[in-house]
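Undergrad: Given the coordinates of chain A, assemble chain B onto it according to the supplied hints.
There are 2 protein chains.
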Amino acid sequence: MEVEDLKIEPGRANAKPGDRAADFAENTPPGEQIKPTRRSFLRGSVIAAGAAATGVAGASRSSAEALPVPESSMAMGDPIPEKGYGMPIEFEEHVKRHRTDVLVNKQNFSDWSMTPLQHQTGIITPNGLFFERHHNGVARIDPEQHRLVIHGLVEQPLVFTMSDLMRYPSVSRFHFLECSGNGLTDWTKAASTTVQQSHGLLSCAQWTGVPLSWLLAEAGVKPEAKWVMFEGADGSGHLRSIPIEKVMDDALLAYGQNGEMLRAEQGYPIRAIFPGWEGNTNVKWLRRIKLVDQPDQIRGETARYSDPMPGGKWRQFSMVMECKSVITSPSGGMSLKGPGLYEIQGFAWSGNGKVTNVDITLDGGRTWQEAQLEDPVLDKCLTRFRYRWNWEGGPAKIASRAVDSTGYVQPTVEDLARVREITGFVQHHNGIFPWAVSQTGEVTNAIA
Amino acid sequence: MEVEDLKIEPGRANAKPGDRAADFAENTPPGEQIKPTRRSFLRGSVIAAGAAATGVAGASRSSAEALPVPESSMAMGDPIPEKGYGMPIEFEEHVKRHRTDVLVNKQNFSDWSMTPLQHQTGIITPNGLFFERHHNGVARIDPEQHRLVIHGLVEQPLVFTMSDLMRYPSVSRFHFLECSGNGLTDWTKAASTTVQQSHGLLSCAQWTGVPLSWLLAEAGVKPEAKWVMFEGADGSGHLRSIPIEKVMDDALLAYGQNGEMLRAEQGYPIRAIFPGWEGNTNVKWLRRIKLVDQPDQIRGETARYSDPMPGGKWRQFSMVMECKSVITSPSGGMSLKGPGLYEIQGFAWSGNGKVTNVDITLDGGRTWQEAQLEDPVLDKCLTRFRYRWNWEGGPAKIASRAVDSTGYVQPTVEDLARVREITGFVQHHNGIFPWAVSQTGEVTNAIA
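For the protein sequence lines, the chains are A and B, in the order given.
Position 247, counted from 1, in the first sequence is what full-length UniProt numbering calls 247; the numbers after and before it change by one each time, with no gaps.
Position 72, counted from 1, in the second sequence is what full-length UniProt numbering calls 72; the numbers after and before it change by one each time, with no gaps.
These are calculated hints, taken from the structure and not from any lab test.
Any given hint could be a false lead.
Which copy is meant is left open, so a pair is good if it fits within one copy or across any two.
As the list claims (entries may be wrong) - Cross-link-like lysine to aspartate or glutamate pairs, in silico, EDC-like; alpha carbons within 20 Å at most:
(1) LYS354 with GLU224
(2) LYS96 with ASP142
(3) LYS354 with GLU374
(4) LYS397 with ASP186
(5) LYS354 with ASP375
(6) LYS397 with GLU343
(7) LYS189 with GLU442
(8) LYS106 with ASP78
(9) LYS222 with ASP249
(10) LYS337 with GLU144
(11) LYS96 with GLU82
(12) LYS83 with ASP111
(13) LYS83 with ASP101
(14) LYS189 with GLU421
(15) LYS246 with ASP293
Next comes chain A alone, as it looks inside the complex:
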């Protein structure tokens, strides 16, 4: 093939190479057929030399020296900006967090924005794209003025400045964070178009802070303290009660996220992190920790984050985010251009431990194949899975199913519906989530 033949077909309007949807549409140079190849990912095989003949993934043979020298090679680049804090390049402006269009929100204060999971590489969500959920907007707090109180059923109430807290020894840990409402629009009908809309209230970071058990040891916990109330300094006074066992186990008071101080929208200057527990328990802009003998029974605990059950009952305090996974590529809104090798990728996670297995179905759940988990596989952290798929061009229904270190297997929505009452926008949707691939390669939400 000559170099001048290497024009890329226009594909969809506004498609950018950073956009995986566009990648799938644009990867095959015109006139070149991708022939399926069969390799076992589990044997660690690579793209074999013989694959060149089939043009796997669209690499083109050329007289390379004939390629023109690009303009950038013949010009001076931009000087380093004065600001000292970099931003993404303009070609990636389409990668952004935003509210789903599936739910109509008529005000800007109890609001959210969702992470573009379809664009995420690796397991770390950049802080600029980390999902948000605010109950009364984003508080902006001067850290020099901020105080954190520990009181209630303790021997000695304590007040901390941020400087006090940052003087303590600290720990850094990778953990996912997921809103309990993630997926609530797509229980029984396909409301969301993209995985950002269906699963984007999910992100992952390395958190740095002080284990709360160290501070409680200093305050002296009275034996009658069984629950701990956390209150934010935002305009909603967001409040949750947490069992003391979780607090003493692995709760962090976090001030660092992915190598820097928390962003305002993540609770700067300090927030609670309860690894693996629903997002709203991880109280942001934390100002008060009160040890009590029973939960506070606020609205968030009696109504908002409880689950309707069969027979008119409600389940309270289902705060652990159970094992779950989703395919992020290919996912809704992408299109596959022609049969050939595609790497199915996605995330798996569990609030109860590590992910031990992810299986992939290509036929709507009739058969399952094992995906590869990418190291490091960490406790209560996103794990990326990969599976090489030779799409032969017919319709397919793809989904992932995760298993965690407790042996729990991610359920189907039907499984969940047998034990819970799935009516309306209920919380805690960890069901298997299918995508349909059409005969022509269009990928759509296949929840039904």
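TA: Okay, now just chain B, sitting in the frame of chain A:
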């Protein structure tokens, strides 16, 4: 102590709680003495309950309910911005990457900026603070126009679009990146004030891309190919030759960094990653990969990145960044306010494998104690170490010494000077780096 006593002393001008230098200065409320406590970090102990009586880390006893409700609790917060990509809060504007003031640079194109390691939490450097080194400014490349060529001693030259490359299966791996010139101002005299100036050409990220060995298998490597030349599409035409063994071992063509596409200043849309090798080999804005039978012997290989040796000889191709570590807290420019418990923290890394041990000296190298390494400890990646130090108030000289999985022990500058010629701004400084703590707690560069 009454709540109204909790005023923080002004400390240094412009000091912010996010600034660890300030933290060390501000952590003790006036009138409260921090009494040293002795605990073994290696036994996994926590701040003991008894510590409350000593006011460890400055927590203050108070009648917590008397604290006023903060303004932020009584106001609506800010709505989510339209932009969809977040930035740090204004209180953290002092945390930025910038050129060292130690070296005078009279133009803006062969330039660099250094990571504020003293502010970094965890092991991931945020992309906005990742160090930069450009030989002719920052190229801004339209990914739709970009082409990558593999040619030279191959059976079949190949040209890739970005869409081609992103169609391949990929991998994500955590690796540090360090400029070979990191530390060159501070071999034998204390030129740098802060660890950002002395060690800030060091950062760490999770990189996502395609193992180059997969693409070379597709091109078909001829047996006479022994080296591989990499050329950037920037105005410097930055070029390096790499032995084919390294290329086939673990080289990546990376397009993703910390969960998103590369930033412009990191080589968008694609760069080479040679895990553990000096920064300048990791060619950015990559446009050409040529398989050759010998290195190109460009200036960067014969002069710029070679090491003067005793007897007038020069060592070429010392591309592995050998095992190294540095204490980032407390570090130059910080001050300890009063005797008491301080957590010494820092980074250790090795281009030859994993860090297995870090030892800390408090007495200028006479005695050493083992620091704790924080999980996960990954191959050719920053590892954070922690050591609890009860500073009793006298002068101290603190430093860290790392050991890697090959058994290599980080040398002293004196060790290095015995086998190399340390004259002027020579590269590859992996020597032990000491900080002096004065009687009054001021921390300064102790290289001499």
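Undergrad: Looking back at the numbered hints, which does the structure fail to meet, lowest number first?
TA: 1
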